[in-house]
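These protein sequence lines map, in sequence, to chains F and L. For what it's worth, the working numbering labels the leading residue of the first sequence as 1, then goes sequentially. For what it's worth, the working numbering labels the leading residue of the second sequence as 1, then goes sequentially.
Since the hints were made in silico from the structure, they are not lab data. This one's a predicted model, so the numbers in the text were calculated from it and none came from an experiment. Where a beta carbon is used, it is the ideal one built from N, C-alpha and C, also for glycine. Each hint should be verified, as a subset may be incorrect.
What the hints assert, rightly or not - No farther apart than 30 Å at their CA atoms in a straight line, the calculated lysine-lysine pairs in the DSS-like style are these: (1) F/K634 x L/K27; (2) F/K245 x L/K168; (3) F/K598 x L/K9; (4) L/K44 x F/K180; (5) L/K154 x F/K28.
Said to hold, decoys possible - Ranges of calculated distance between the beta carbons of each label pair, as one might list FRET restraints: (6) L/Q135 x F/D178: 24 to 32 Å; (7) F/E94 x L/K127: 47 to 55 Å; (8) F/I792 x L/E79: 52 to 60 Å; (9) L/G35 x F/E623: 38 to 46 Å; (10) F/V764 x L/Q40: 24 to 32 Å; (11) F/D178 x L/K154: 26 to 34 Å; (12) F/D548 x L/G35: 23 to 31 Å; (13) L/K127 x F/P295: 49 to 57 Å; (14) F/L563 x L/Q40: 25 to 33 Å; (15) L/Q40 x F/A217: 19 to 27 Å; (16) L/M1 x F/L563: 35 to 43 Å; (17) F/T740 x L/M1: 33 to 41 Å; (18) L/G35 x F/M1: 52 to 60 Å.
Claimed, not checked - A few chain L residues facing chain F, derived, Cβ under 8 Å: (19) Y17; (20) L102; (21) S105.
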Amino acid sequence: MSILELLGKRMIFFDGGTGTLLQEKGLKAGELPEIWNIENKQALIEIHKNYFEAGSDIVLTNTFGANRIKLHDIPYTIEEIITAAVKNAKTASEEAHCEQKGYVALDIGPTGKLLQPLGDLSFEDAYSAFQEMAVAGEKAGADCIVIETMSDIYEAKAAVLAAKENTKLPVFVTIVFDEKGKLLTGSDIASAVTILEGLGVDALGMNCGLGPHQMLALAEEVLQNCSIPVIIKPNAGLPRNENGKTVFDVLPKEFALAMEKIVDKGAWMVGGCCGTTPGHIKALYEQCKNKKPLPIVPKNKTMIASYTHAVEIGKAPIIIGERINPTGKTRFKQALREKDLDYILREGFAQQQKGAHVLDVNVGLPDIDETEMLVHVMKELQSVIDLPLQIDTSNTEAMEKALRLYNGKAMINSVNGKQESMQAIFPLVKKYGGVVVGLTLDEEGIPPTAEGRFLVAEKIVNTAESYGILRKDIVIDVLAMTISSDQQSALETLKALQLVKQKLHVKTILGVSNISFGLPQRETITANFYTMAMQNGLDAGIINPNADSMMRSYYAYRALAGLDENCMDYIQHYGGQSETTVSATSNSDISLGTAIEKGLKERAKQAAEEKLQNTEPLTIINEELIPALDHVGKGFEKGSIFLPQLLMSAEAAKAAFEAIKVHMGKQGSVQTKKDKIILATVKGDIHDIGKNIVKVLLENYSYDVVDLGKDVPPESIVETALSQNINLVGLSALMTTTVTSMEETIRQLKKQKPDCKIVVGGAVLTQEYADMIGADHYAKDAMATVYYAQQILG
Amino acid sequence: MQWKDVSQKEVLRYLGYGRQEADEAVKNLVSECIGEILNQCHCKHVYKRFHCTIEQHSIMFENVVIESKNLSKNLSECEQMILFAATLGPQPDILLKKYSRLDMSKAVVMQAAAAAIIEEYCDQCQKQIEKELEQEQLYLRPRFSPGYGDFQLKHQKDMILLLDCPRKIGLTLTDSLLLAPSKSVTAVMGISKKNKHCHIKGCEACENRNCTFRRDG
Ligand code: SF4
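The shape of chain F in the complex, shown without the other chains:
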């Protein structure tokens, strides 16, 4: 019988810790336990055997860290170690005196490095390290794969994909929550469960970190969210330090009793982690062997998740922000072409602050590489904003790449009733997980009637189910079309909403804004339609959260529909505000220059907008903005102004510039930028705050900064300088170890583009150091770089 067939029939027992047992057998601190699979195999066979005899159904191979990222400079290959490890466990299973068959799980632990953007390991490199393990494990004859002790859900995703794409083995995942129910990288329980279920793992749960007592409440929460079998493997209590040594206090009997409570809540697979011994497992086995696993109740919730938290669709209406989309937005198109990610990030952040729950991301423009741009924007958004994303593209390749690299369970926008579309999208939904948006149109176009759209929706849902996609992971868009051309269209849409909700039991979504296309004062129509749609069953509205009237509709609807307890949200947003909002603030008489010097962002923007009504943009820049910045810069140099103030002024100036840019965009003129400057943090360096400071200031002085980011190899800096013919490069390094790569970058630049000037800066650099490595200039602080740029480029 395979292990999957056994699940649910009776309780399944895992093994316990091996670390302490290996130490007792002589493993030293810092010694690699994985080597023992080959050099001390008897010790491992014995440990595995003891666990089987104590009652374990499944033992984990001693391969926790047997990945190529952790193990190098050793005399064995990863395959050799894994093959030996599986063999040891199999030998133990044969030798053990047990009635039941013993199963061998290939143990995959974390790589020991942090994934980008927090560390320097790429998702792809993590994937291929796990792939190597999984393939070797299956070949050696493991019965299943257990991915365990993961504290980053993104790394877990890489491991799950590696296991599922390269083997046929069942995949179980356990992750490490802290007492507050959070992963190290911030995921809460609902988000982790949502993401892992989406990826299609066979069972999930938690291990390590806590003892059985602390895990009880968390286990309950996992069980409440989960529709697949749950695994619980605590430590033998919380670790305590005794004379610099880690000890665990919970003894076998107490462990077993505490675990019984967890089993009674519904866990199907149990075992132990650090500090637990065959004694613990034996007690656990005796206590729980006759328990019948509780049936799993499928949770019919439509869930999406970012890496921090999950969002449920269908409980109360949610808002999907529509602003990250170039359609009809000159400024946004410009930002995309210039790769001005900061602009896009600010659009995202503003929507979050206004109350969006999810952000739609569409970066399709005919003349850009959409796949590359989508992945880039998505990664950047995720590193700044913790909302779940809705990936919006009709390019299947871009969709797949984005879903693969997305850290969470995304909304997939979209599929439609065309065979071609369903064939392309549904396999992606199944593989990566996601909630897919189904548009009710097909080869025949958009059906004019509600019934017609319902039929397309039905086709989409049925086809999805044939791919193994659950109904809860589909939301239907019955399409809102402008009433300016057909006055019945709003009513048909509302009717279709009701139909799909009642007859198909799926959740609904609408791009609300379309309804008013071609009409004056669009917001009035849109906001009222939004209310009507919610009343008729709209679960997720794709709207502009920056539009006040839309948010008023939203909060008012929730209050009226009994979804806002004590009208708390409504009061919080609109309480203490007089009916007509007073916009005049006390500092409305502050000039643009002063606003910049004082670092008043809002006011600087406002003042610039006022000035633009009767002054040329260039005059404002040259006569107000730049002098104010210069003044602050001088103060910084003299030591009367400090870095935070300098940057507050810079931010204020940036806000004013942004207002000017928008104004010029409307008039069709583009602001001419000064020369280009490359900025980069050199290879090996992953911290880039210094570089970012310089960037803000250079941009203030209108330089066109080509920001290559951090950890940039010398070759790509040289390549960029050559291809865009850039004559000034700013390099930053934080550590002595990375100054060598700075030196290498300078060497290559000097060789291939001798006319290029190089300015360096960073915590460890000095004038002498800079001279030594051949830099043209040493900038002691951010302003010094600006002055040097002015000197070189004017």
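Chain L with the ligand: place on chain F using the hints.
Leaving out everything else, chain L with the ligand in the frame of chain F:
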């Protein structure tokens, strides 16, 4: 870690304010940043005691040999030492990244606040270890991190491995030997039978000018 433990003044000092008063806006920003970090970060630390031998300029323990004049002077007469690692977790890095895209002034204050918080956290951990050792009439020398003086950065590898940092506290090392999360510290501390009343901020801050263990050569 609590809000009151973190000194605003220290944060301002990191930002370059010496005797000069910071204005209200900056002070408010400092409090805001301290609060935001403390609210989100998960401070964790791990330490282990090792027997060590000091010969000339080498320190030997387990399978590791550290060649360092500064450190061996600082550890002289110690038969044991502590390897220590602490981290604020990835959250401060996430915040820093966020604000360096959205609001650079907040990012630099955040950076300074995080630096002050990790130092304060290390001080607190160190005091707790000191208390434990006092029962055995043993005393700590100040903490000494790889990268200081001639204590080579490559020893980060030994520290991370011996303390099992990735697993125990989620602290990892990049290929270029940077700690990730970045708001982290690893250090060696000597265990001495003599109580020299070491300064928690290390020899640089210590008044004891004639101390033979002083690490600056
Ligand atoms: S100088 Fe001060 S801090 Fe340093 S070892 Fe001597 S007593 Fe301790």
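Here's how the hints hold up against the structure:
1. Our distance criterion of 30 Å between C-alpha atoms is met by F/K634 and L/K27, whose separation comes to about 22 Å.
2. For the proposed pair F/K245 and L/K168, the alpha carbon gap of about 13 Å is at most 30 Å, so the pair holds.
3. For the hint linking F/K598 to L/K9, the alpha-carbon distance of about 22 Å falls within 30 Å, and the restraint holds.
4. Proximity of L/K44 to F/K180 is assessed by CA-CA distance (about 14 Å); at most 30 Å being required, the pair is judged to hold.
5. With a CA separation close to 21 Å, the supplied pair L/K154 and F/K28 stays within the 30 Å bound.
6. For L/Q135 paired with F/D178, a C-beta distance near 30 Å keeps the hint of 24 to 32 Å intact.
7. Against the hinted window of 47 to 55 Å, the Cβ-Cβ separation of F/E94 and L/K127 comes to about 54 Å, which satisfies the hint.
8. One distance hint, 52 to 60 Å for the beta-carbon pair F/I792 and L/E79, holds here, with the actual separation near 58 Å.
9. Restraint check, L/G35 to F/E623: a C-beta distance of roughly 40 Å satisfies the suggested window 38 to 46 Å.
10. Between F/V764 and L/Q40 the CB atoms are about 29 Å apart, so this pair conforms to the stated range of 24 to 32 Å.
11. Taken as a hint, the range 26 to 34 Å holds for the pair F/D178 and L/K154, whose Cβ atoms sit roughly 31 Å apart.
12. The given range of 23 to 31 Å is respected by F/D548 and L/G35, whose C-beta atoms sit roughly 30 Å from each other.
13. In this structure the supplied range 49 to 57 Å holds for L/K127 paired with F/P295, their Cβ-Cβ distance being about 52 Å.
14. F/L563 and L/Q40 have their C-beta atoms about 29 Å apart, which keeps the hinted 25 to 33 Å range intact.
15. L/Q40 and F/A217 have their C-beta atoms about 21 Å apart, which keeps the hinted 19 to 27 Å range intact.
16. Under the hint 35 to 43 Å, the C-beta atoms of L/M1 and F/L563, about 38 Å apart, fit the expected range.
17. In this structure the supplied range 33 to 41 Å holds for F/T740 paired with L/M1, their Cβ-Cβ distance being about 36 Å.
18. Checking the proposed 52 to 60 Å range against L/G35 and F/M1 shows it holds: the Cβ atoms sit about 56 Å from each other.
19. At a threshold of 8 Å, the smallest CB-CB gap from L/Y17 to chain F is about 6 Å, leaving the interface hint in force.
20. Restraint check, L/L102 versus chain F: the minimum CB separation of about 6 Å is within 8 Å; hint holds.
21. About 4 Å separates the beta-carbon of L/S105 from the nearest beta-carbon of chain F, less than 8 Å, and the hint is met.
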